[in-house]
Amino acid sequence: MDKLPDSIKKIFIDKNQDKSLPDNLFAVCPGCQEIVYRPKLEQNLGVCPLCSYHFRISVDEWINFLADADSFTSLFDEIVSVDPLNFPGYKEKLEELYKKGINEGVKTGYVKLDGIKTLIGIMDADFIMGSMGSVVGERITRLFEYGMNENLPVIIICRSGGARMQEGVVSLFQMAKTSAAAKKFSDTGNLYISILTDPTTGGVSASFAFLGDIIIAEPGALIGFAGQRVIEQTIKQKLPEGFQRAEFLEKKGFIDIVCDRRKLRETLVKILEIHRYRR
Amino acid sequence: MDKLPDSIKKIFIDKNQDKSLPDNLFAVCPGCQEIVYRPKLEQNLGVCPLCSYHFRISVDEWINFLADADSFTSLFDEIVSVDPLNFPGYKEKLEELYKKGINEGVKTGYVKLDGIKTLIGIMDADFIMGSMGSVVGERITRLFEYGMNENLPVIIICRSGGARMQEGVVSLFQMAKTSAAAKKFSDTGNLYISILTDPTTGGVSASFAFLGDIIIAEPGALIGFAGQRVIEQTIKQKLPEGFQRAEFLEKKGFIDIVCDRRKLRETLVKILEIHRYRR
Amino acid sequence: MKKEKILKQIDKLKSIAISEGIDLSSEINRLRGMLELESDEYKKEKEIEEVFSIVQNSRKIERPKPQDFIKSLIKDFIELKGDRRFANDDAIIGGIGYFDKYPVTAVGIQKGHTLNENITFNFGSPHPEGYRKALRLAFQAEKFSRPILFFVDTPGAYPGIDSEERGMAQAIAENLYYLSDLKTPIISIITGEGGSGGALALGVSDILIMMQNAILSVISPEGCASIIFKDSSKAAAAAVSLKLTSFDLLSLGIVDKVIDEGPGLDVDPQIGYRNLTEQISTSLAYFTSLNSKELIEHRYQKLRKIGFYKDTTGFVKKGLNKSKNFIYELFKF
Amino acid sequence: MKKEKILKQIDKLKSIAISEGIDLSSEINRLRGMLELESDEYKKEKEIEEVFSIVQNSRKIERPKPQDFIKSLIKDFIELKGDRRFANDDAIIGGIGYFDKYPVTAVGIQKGHTLNENITFNFGSPHPEGYRKALRLAFQAEKFSRPILFFVDTPGAYPGIDSEERGMAQAIAENLYYLSDLKTPIISIITGEGGSGGALALGVSDILIMMQNAILSVISPEGCASIIFKDSSKAAAAAVSLKLTSFDLLSLGIVDKVIDEGPGLDVDPQIGYRNLTEQISTSLAYFTSLNSKELIEHRYQKLRKIGFYKDTTGFVKKGLNKSKNFIYELFKF
Ligand SMILES: [Zn+2]
Ligand SMILES: [Zn+2]
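Chains as they are written, first to last, in the numbering used here: chain A, 5 to 283; chain B, 5 to 283; chain C, 484 to 816; chain D, 484 to 816.
Source of the hints: derived by calculation from the structure; they are not laboratory data. Hints are supplied without guarantee of correctness; some may be wrong.
[What the hints assert, rightly or not] The calculated lysine-lysine pairs, modelled on DSS-like cross-linking and capped at a C-alpha distance of 27 Å, are:
1) D:Lys776 / B:Lys187
2) B:Lys274 / C:Lys558
3) B:Lys121 / B:Lys274
4) C:Lys626 / C:Lys584
5) D:Lys527 / D:Lys486
6) B:Lys187 / C:Lys626
7) D:Lys495 / D:Lys526
8) A:Lys255 / A:Lys274
9) C:Lys717 / C:Lys486
10) C:Lys529 / A:Lys95
11) D:Lys526 / B:Lys95
12) C:Lys713 / A:Lys95
13) D:Lys527 / A:Lys274
I would like the entire structure built from these sequences, with the hints used as guidance.
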C-alpha cells in the first residue's frame, strides 16, 4: 500500500481539526483527538494506531485489504441507474457521479479470501450515501441468486444512508426484493455474512444488513433504523452516549461479533472454513 | 347446578374472613371484600358477580361448565402413580389422595363443546398442587398423541405449582416429554389451546402451558416460572402490584386473550370453528 | 390569474385587428406562447394542489382506520395479542375471523380518530414488538393454511430510543424475509398513509391493493422536502415528485389494484368497503387455488421484478469490471 | 462412633466367655443385632455425607466451568452473540468451532471462578434472552447441519422481576419444544450443577452425559428441604432423596453416560476432559451417521419413555372413567 487512498485523504480534509498541519500528511483522529501520521494510518487499514478509531475506507481499499491479490472480479456492472420518477435533479446527479467513475451504491463481484472463493458486495457511500435504488437492489439480488446457483457464500459490507428517495417507492421495494432473495439463498443452505460499517441505517439496515447468518459490526459504527435527528425531534431529548453504535447493538443482542478491522480478514476466513467453504 | 361444588365450599372456608357468617352460605370475596351469596356465585361459574374475581373451581365443575351434557369421557385413568425414588412420605401421600378418589394431577379425556369433539386436559390442584409427575406427563403426552392420530384439537386447562419434587428429575423431564409431544402434535396441523388459570407456575408453565397455538388466561390468574417468594428472596425487595398476573403477562406479550370465565365457552367454540373443527 | 389577463389581452387585440383592419398576428402569437407557458405552470400548480390534497386526505382523522376495516370486513373477529418476547403493541391489532366464508388472519395498524385513541395507538407508529406480533400471527396463519389480510395505515415505524434498542431495523427485515415465502396467501391493503419501511413490513404480499385516496411513500413529503429540497415548505411539490398516489404506483407496477372509494372513505366508507370486499373475494379465490409452490414463486417474481435500471449487457464489449466509463457513455443516451 | 463401642463390647464379652468358660452367646447376639441396626443408620449417615459432598463439589469454584470446557474441547472457537430480540446474555456463551474434525455449535452456561466473574455471568443464572440466544444458535446449527454441544452448569434460570417480565417460562418451554425435533445431533453435558428447568432448557439431546461429580435436580436440595421437609437444615438428606447424582440418574435411565473424572475435575481436569472427549467423539460419529428422520425419532423416543407409572389396563374391567376406586385398590399392591 504505497498510494494514499482517496477516501482517507478526504477524511483527513473533512476531519482535520488543525488546518495548520501541512499537506494533510497528518490528521486529527476523531476518536482520540491525537495527531496521527497518515502513512501509519494507511498501514493500519485506516484504524487509528492510538485509539483504534475506524476511519471510513473506500470500496477499492476494502477490496485491497480483504481479497487475495488480483482475485476480485466485478459482476453486474452492466446494470446502471435510470430516473424512473423523473425526480428533480436525479438525472443530473447520476451523470455527475458516473462521470467521476463511481459505478453505483454497491460494487458486487467475487473474490478469493485466503484461497476461498466467495461473493462479495461492498457498498459505496460516495454514491448518494450508498443509498439503495433499483441498481443496488438488483445487484444485491443477483448476488444472492448467483450464490444459490453456484453454492458460494455471500459477504456484504454494508454502509448506507438508507433508501434512495429519488426512486421513491421503487427504492422502498428494493428492501423487500433483497430480503426475499436473501431468504431464497438461505434456503439453499449457503452462508451469508453481513458486515455493518459506519453508517448502516434506514432501508439497508431494515433489509439485507440484518439478515446475515452471522452479523459482524465494526467498532463504533452507527447502526440503526431511524436517523438520530429524526429520533431527537420525535422524543424531544438528546440521545444517550453510544446510542446506535455497534457496541450498543451488540449489548442489545443484534450483533454477533464487533470485530476490529485488523482482525476481520482472519475472522472471515475462519468462518468460511468452518462452513466448509474451503474445497 | 344445584349442588354446591366442593372446591368453592373449600374456598369459602379458606377465604372467608368473617367467621360469623353462618354455615358459609356467604363468603367474603378476596377481590372486592364484599359479601357474596354462595348460590349466586355458583350460578356465575364461580365468578364474583360484584367484581368478577375468579374463584378457583374443581375439575368436575370445569367439565360441567365447559362440556355438552354427558359428553365427557375420560382417557388414561388407567395410568397411576408409583414412587420411583422411594421418596420420604410420597407413597403415603399418594395412597391418601387415591383414597379420597382424586385421580391425579390432571384429568384427561374427550368432550363435546357445542357439538365439536375435542380432547381436554384439566389439571387438578387438589392432587399435590397439580404438580407434574410421571402420570401427568404421560397423560398429557398421550393426549397429544391421541390428538395427532385422530386429528382432534387439544384444550388444556392449566393449574399447577410446577414439577412434582417427589419424583425428582423424572418429574423434571416430563417438561421435555410433554413439550416434544406438543411439537409433534403441532406438526400435524392440529390446534392446541392452552388455558392458564390461577396458579400456573414452574415446570408446567415452562412446558406445555406456554406452547398453545392460542394462549388464554383467566383474569387475575398468577402465571410465571419462579415463585414469588423465591423472587423476593433473590432480589431482596417486594414485588410490584399485579406482578405475574394474567393482565401483566398480556401486556408483556405472552397471552393472546385474557378471557372472563363467563365468556370462555363461547370463545372456545368460536376458535374451534374457525379452525374448521365443526364437521 | 395571469392566464385570464392574457386571454383578455388577446381578445382585445383581435377586436382591434378586425375593427382597425391591421395585422396583429405576430403580437397575438407571442401572447399565445405566453399562454401555453402559463398553462403548463398552471397545470403543475394544480397537480401539486391535487396530490397534496390526496396526502392530506389519506391522513384525515375521519377516514376509517385499519381497525374499522377489520370491524367491517371480518366477521367474528377474535383479537390475539402479544409477540411472545417483550410486549403487546397496541399500535398493531391482529387476530382471526372470517372474511366471507374464509377463515383468515387479519392484522392492521391502529390509528386513532381522537387524540386519546392516538395516544393509545401511538399515532399508528408500531414498535418492533408490533411487527413481531404480526409475524407470529402470520406463522400461525401458515400453520393453519389461513390467508392473511394486512391493513396498513401508518406514518412509519416509531423512531424512538426504545424502538432502536429493541431492533426496529432487524424486526422489519425479518418480516420482509419470512413473509417473502410464507406458504399461505397474503393480501395487503394500504388504507391510508403508507409510511415507508413501517408500511412495507406488512406490505409483502401476493397482491398489493391501495384504496384510491391512500398514499404509499419511501419518505413523508415533508421529510423529503427538508432533506432533498432543503426547504420544508416544499412538501407539496415533493409529494408530486415522490409518485406516492395510488394511480402513480399502479402505473409504476408496484400496486396491483386501486379501489374506487366513490365519494371518499371519509364521506361514506360503504362504497369503498364494497369495492374492496369484491376485490379481496376475487383475490382469495384465486390465491387459495394455487399450491404453495406456485404461490411462493408468484410472490417472489412479483417482488423480483420491481426496479428500473438499464441493462447494458448488449453493448458491453470490454471486460465487465472495466466498463465504468463505457457505462457512463451509455447513460447519456 | 457407637459402632466401634459395640464392637469393643463384643470383643470383651468374647474374651470373658473364653477365659471364664461361660456361655455369653445370647448377650453377644443381642449386641450383634444392635450392630446391624447401627450399621444401617451408619450407612445412611455416610450416604448423606457422600451425596452432599458431591453436591458441594459440583458447585466448587475451582471446578472447571462450561466456558473452560469450551476452551479446552473446541478448537478455533468464535463467539456469536445476541438473541436478536432484546439483549446478549453474558450468562450464556455460544459460538462455533471444531470438535476434532467436526464443525460444531457449542453453547455453555458461564459460571465464575471469582466473584467478579460471577457478577458478570450472573452466577450462572441465565435470563430468557440467554435461552433465546441458545435457540437461535441451535437453529443456525440446524441450517448448516452442525452438531450442537451444550455444556450445562447452573443453579437455575434467574428468578427476577425482569426474567418474568420477559417470559422465562415461555423461553424455556420454547427451547424444549424446538430442540425436541431439531434436525441436527445434540449432545448435552452436565458439567457441574444441573439446576432444574434452567438446565433442562439445554438438556434436550440425543445423548445426555454427566460428569461423574455433577448433579442434576428438579430443585436444589436446600429448596426441597425447606418446602417438603419444612426444615432447611435437612438439605443433605433431601439431596439423597432427590436422586440427583450422576449414577442415580444413570440407573434411572435419564442420563445416558457418566464420565469418569479421575481425581475430580477440580483437582485435575485433564482426565475428565480426555474421557469426555472420547465419549463425544463416539457419539458424534454415531449420531451424524443417522439421517434426520432416524435422529428425531430416536430423540423423541428417548424423551417419550421417561416416566415411572403403573399402567393398570390389564386389570381394568369397568369403564375407564369409573375406575377411580379400582385404581386405588390396585395401587396398594
Ligand atoms: Zn485515535
Ligand atoms: Zn368480588
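Going down the list of hints, with the structure as the test:
For the hint linking lysine 776 of chain D to lysine 187 of chain B, the alpha-carbon distance of about 15 Å falls within 27 Å, and the restraint holds. Proposed proximity of lysine 274 of chain B and lysine 558 of chain C is supported: the alpha carbons are some 11 Å apart, at most 27 Å. The straight-line distance between the Cα atoms of lysine 121 of chain B and lysine 274 of chain B is roughly 13 Å, inside the 27 Å bound, and the hint therefore holds. Proximity of lysine 626 of chain C to lysine 584 of chain C is assessed by CA-CA distance (about 19 Å); at most 27 Å being required, the pair is judged to hold.
Using a Cα cut-off of 27 Å, the hinted pair lysine 527 of chain D and lysine 486 of chain D holds, with the two alpha carbons roughly 13 Å apart. Our distance criterion of 27 Å between C-alpha atoms is met by lysine 187 of chain B and lysine 626 of chain C, whose separation comes to about 12 Å. For a cut-off of 27 Å, the pair hint linking lysine 495 of chain D to lysine 526 of chain D stands: about 25 Å separates their Cα positions. For a cut-off of 27 Å, the pair hint linking lysine 255 of chain A to lysine 274 of chain A stands: about 24 Å separates their Cα positions.
Restraint check for lysine 717 of chain C and lysine 486 of chain C: the C-alpha separation of about 24 Å stays at or below 27 Å, so the hint holds. For the given pair, lysine 529 of chain C sits about 25 Å from lysine 95 of chain A by alpha-carbon distance, which is consistent with the 27 Å threshold. Only pairs whose Cα atoms come within 27 Å are accepted, and lysine 526 of chain D paired with lysine 95 of chain B is accepted, the gap being roughly 23 Å. Simply put, lysine 713 of chain C and lysine 95 of chain A have alpha-carbon atoms about 18 Å apart, close enough for the 27 Å limit, and the pair holds.
The straight-line distance between the Cα atoms of lysine 527 of chain D and lysine 274 of chain A is roughly 54 Å, outside the 27 Å bound, and the hint therefore fails.
Comparing the model with each numbered hint stated earlier shows that hint 13 is the single one that does not hold.
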